[in-house]
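Participant: Chain A is fixed; fit chain B onto it per the hints.
There are 2 protein chains.
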Amino acid sequence: MQLLEERIRNSGKVFPGDVLKVDSFLNHQLDIELLDAIGAEIAARYGDCGVTKVLTSEASGIAVACFVARYLGCPALFAKKAKTSNISSNVWSAVAHSYTHNNDYTMVVSREYLGADDRVLLVDDFLANGCALRALTAICREAGAEVVGAGIAIEKAYQGGGDELRAEGLRIESMAKIASMDENDGITFC
Amino acid sequence: MQLLEERIRNSGKVFPGDVLKVDSFLNHQLDIELLDAIGAEIAARYGDCGVTKVLTSEASGIAVACFVARYLGCPALFAKKAKTSNISSNVWSAVAHSYTHNNDYTMVVSREYLGADDRVLLVDDFLANGCALRALTAICREAGAEVVGAGIAIEKAYQGGGDELRAEGLRIESMAKIASMDENDGITFC
Numbered sequence: 068m069q070l071l072e073e074r075i076r077n078s079g080k081v082f083p084g085d086v087l088k089v090d091s092f093l094n095h096q097l098d099i100e101l102l103d104a105i106g107a108e109i110a111a112r113y114g115d116c117g118v119t120k121v122l123t124s125e126a127s128g129i130a131v132a133c134f135v136a137r138y139l140g141c142p143a144l145f146a147k148k149a150k151t152s153n154i155s156s157n158v159w160s161a162v163a164h165s166y167t168h169n170n171d172y173t174m175v176v177s178r179e180y181l182g183a184d185d186r187v188l189l190v191d192d193f194l195a196n197g198c199a200l201r202a203l204t205a206i207c208r209e210a211g212a213e214v215v216g217a218g219i220a221i222e223k224a225y226q227g228g229g230d231e232l233r234a235e236g237l238r239i240e241s242m243a244k245i246a247s248m249d250e251n252d253g254i255t256f257c
Numbered sequence: 068m069q070l071l072e073e074r075i076r077n078s079g080k081v082f083p084g085d086v087l088k089v090d091s092f093l094n095h096q097l098d099i100e101l102l103d104a105i106g107a108e109i110a111a112r113y114g115d116c117g118v119t120k121v122l123t124s125e126a127s128g129i130a131v132a133c134f135v136a137r138y139l140g141c142p143a144l145f146a147k148k149a150k151t152s153n154i155s156s157n158v159w160s161a162v163a164h165s166y167t168h169n170n171d172y173t174m175v176v177s178r179e180y181l182g183a184d185d186r187v188l189l190v191d192d193f194l195a196n197g198c199a200l201r202a203l204t205a206i207c208r209e210a211g212a213e214v215v216g217a218g219i220a221i222e223k224a225y226q227g228g229g230d231e232l233r234a235e236g237l238r239i240e241s242m243a244k245i246a247s248m249d250e251n252d253g254i255t256f257c
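These protein sequences, in sequence, are chains A and B.
Numbered per the numbering used here, the first sequence spans residues 68 to 257.
Numbered per the numbering used here, the second sequence spans residues 68 to 257.
Here chain A stands alone, though its shape is the one from the complex (with noise of 0.2 Å):
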């Protein structure tokens, strides 16, 4: 998706350490007008899927999964980070891991809203090793839903999480696919 490409190559900083600042627009100031281009053309994507619900994990993957299930004409449904590891019995949940905090996390989704009849996509800002990615699938699995496919925003291709999870038989869309970067060459896209 050209648009998003352009800006993360005027706005995106690199940093050492793997780090991609896009925060300018997409994950603490959010441009409106560039996310419901990005949830127009994933839901186009996804448009003959039969999507019941978009499924995104709190909490810079919600405006993004807003503007996709506004084109797919259904409800988002974000998954929380547990607060303790007491988790109720009345949610689906998923251990993931953060190598942004280095720790891992539970996602839990009430099992009001997510269940067998659905036909979900996965959306989320981020794509990398996958680790968010899989959590959800296993909450989606867990539930006896459907997973239709994934749409994401910027994928770090390069680390392999993508391509893993494409092996696996999982559909997924990414807006923008950054095949290199480093903080003195700039980034390089697929």
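Incorrect hints may have been included.
[Unchecked claim] With a straight-line Cα cutoff of 30 Å, these simulated DSS-like cross-link-like pairs (lysine-lysine) come out: (1) K147(A) with K80(B); (2) K147(B) with K147(A); (3) K147(A) with K88(A); (4) K148(B) with K244(A); (5) K244(B) with K88(B); (6) K148(A) with K147(B); (7) K80(A) with K80(B); (8) K244(A) with K148(A); (9) K148(A) with K88(B); (10) K148(B) with K88(B); (11) K244(B) with K148(A); (12) K148(B) with K80(B); (13) K88(A) with K244(A); (14) K147(A) with K244(B); (15) K147(B) with K88(A); (16) K80(A) with K147(B); (17) K148(B) with K147(A); (18) K148(A) with K148(B); (19) K80(B) with K148(A); (20) K148(B) with K80(A); (21) K244(A) with K80(A); (22) K80(B) with K244(B); (23) K244(B) with K147(B); (24) K148(B) with K244(B); (25) K147(B) with K244(A); (26) K88(B) with K147(B); (27) K148(A) with K80(A); (28) K148(B) with K88(A); (29) K244(A) with K147(A); (30) K148(A) with K88(A).
Simulated from the structure, these hints should not be mistaken for lab results.
Facilitator: Just chain B now, kept in the frame of chain A:
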């Protein structure tokens, strides 16, 4: 706002301990059509205020803020909950108290995205005691930004936080104001 009041009456659930669960449409599962209508209505009330930025706090304010910002044609910005007490020098910050989790936490906003030129509309899903709004207001004050007012989905008016802030001069527009609620007698709106 009748649409929201009806939805709260039909789908909201009151639990002991002053808990109103609206996670079927507002802060877990998201009814996009309803959120869009709330966004349109809040934006209409502040349409002539020259808002340059919609400011909310993660995670449950993000969806409402997105739709308000969409109608105002400006960016949204969400304050992040700081992971550590070690706050970097390039953020505006303020401490808020969570009655839900009974702890203090620090909200941060990057200095890059909020400054003296900004006219800010604060947005949140809930207003009860007013702690979150006070923290967002403090962040704007620190940044030298002007707060034009607040747009709230649901105000628990009987908790008094909203009226205290109004008495201090803050304009607050709440789409649904709850006068009282009780798990047996249900919900009464102002």
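Participant: Run every hint past the structure and note whether it holds.
Facilitator: Hint check:
1. Proposed proximity of K147(A) and K80(B) is supported: the alpha carbons are some 19 Å apart, at most 30 Å.
2. Straight-line distance between C-alpha atoms of K147(B) and K147(A) comes to about 15 Å, which keeps the hinted pair within the 30 Å bound.
3. This hinted pair checks out: K147(A) and K88(A) have alpha carbons roughly 23 Å apart, not beyond 30 Å.
4. With a C-alpha separation of about 29 Å, the suggested pairing of K148(B) with K244(A) holds against the 30 Å cut-off.
5. Among the hinted pairs, K244(B) with K88(B) is consistent with the structure: their alpha-carbon atoms are about 15 Å apart, no more than 30 Å.
6. This hinted pair checks out: K148(A) and K147(B) have alpha carbons roughly 14 Å apart, not beyond 30 Å.
7. For the hint pairing K80(A) with K80(B), the CA-to-CA distance comes to about 44 Å; that exceeds 30 Å, so the pair is violated.
8. Restraint check: the Cα-Cα separation between K244(A) and K148(A) comes to about 27 Å, which is no more than 30 Å; the hinted pair holds.
9. Distance check on the hinted pair: K148(A) and K88(B) sit about 18 Å apart at the alpha-carbon level, within 30 Å; holds.
10. Taking the CA atoms of K148(B) and K88(B), the gap is near 22 Å; set against the 30 Å cutoff, the hint holds.
11. With a CA separation close to 29 Å, the supplied pair K244(B) and K148(A) stays within the 30 Å bound.
12. Straight-line distance between C-alpha atoms of K148(B) and K80(B) comes to about 27 Å, which keeps the hinted pair within the 30 Å bound.
13. For the given pair, K88(A) sits about 15 Å from K244(A) by alpha-carbon distance, which is consistent with the 30 Å threshold.
14. For the given pair, K147(A) sits about 26 Å from K244(B) by alpha-carbon distance, which is consistent with the 30 Å threshold.
15. At roughly 15 Å between alpha-carbon atoms, K147(B) and K88(A) fall within 30 Å of each other, so this suggested pair holds.
16. Distance restraint check for K80(A) and K147(B): the Cα-Cα separation of roughly 19 Å lies within the 30 Å cut-off, and the hinted pair is therefore satisfied.
17. The hinted pair formed by K148(B) and K147(A) meets the criterion: a straight-line CA distance of about 14 Å does not exceed 30 Å.
18. A C-alpha spacing of about 13 Å is found between K148(A) and K148(B), which places the hinted pair at or below 30 Å, so the restraint holds.
19. At most 30 Å may separate the alpha-carbon atoms for a hinted pair to count; K80(B) and K148(A) meet this at roughly 22 Å.
20. Taken as a hint, the K148(B) and K80(A) pair is honoured in the structure, with Cα atoms around 22 Å apart against an allowance of 30 Å.
21. Pair hint K244(A) plus K80(A) holds up; C-alpha atoms about 16 Å apart against a cutoff of 30 Å.
22. Distance restraint check for K80(B) and K244(B): the Cα-Cα separation of roughly 16 Å lies within the 30 Å cut-off, and the hinted pair is therefore satisfied.
23. For the suggested pair K244(B) and K147(B), the alpha carbons sit about 27 Å apart, so the restraint of at most 30 Å is met.
24. Proposed proximity of K148(B) and K244(B) is supported: the alpha carbons are some 27 Å apart, at most 30 Å.
25. For the hint linking K147(B) to K244(A), the alpha-carbon distance of about 26 Å falls within 30 Å, and the restraint holds.
26. A C-alpha spacing of about 23 Å is found between K88(B) and K147(B), which places the hinted pair at or below 30 Å, so the restraint holds.
27. Pair hint K148(A) plus K80(A) holds up; C-alpha atoms about 27 Å apart against a cutoff of 30 Å.
28. For the hint pairing K148(B) with K88(A), the CA-to-CA distance comes to about 18 Å; that is within 30 Å, so the pair holds.
29. Between K244(A) and K147(A) the alpha-carbon distance is near 27 Å, which keeps this suggested pair within the 30 Å criterion.
30. Among the hinted pairs, K148(A) with K88(A) is consistent with the structure: their alpha-carbon atoms are about 22 Å apart, no more than 30 Å.
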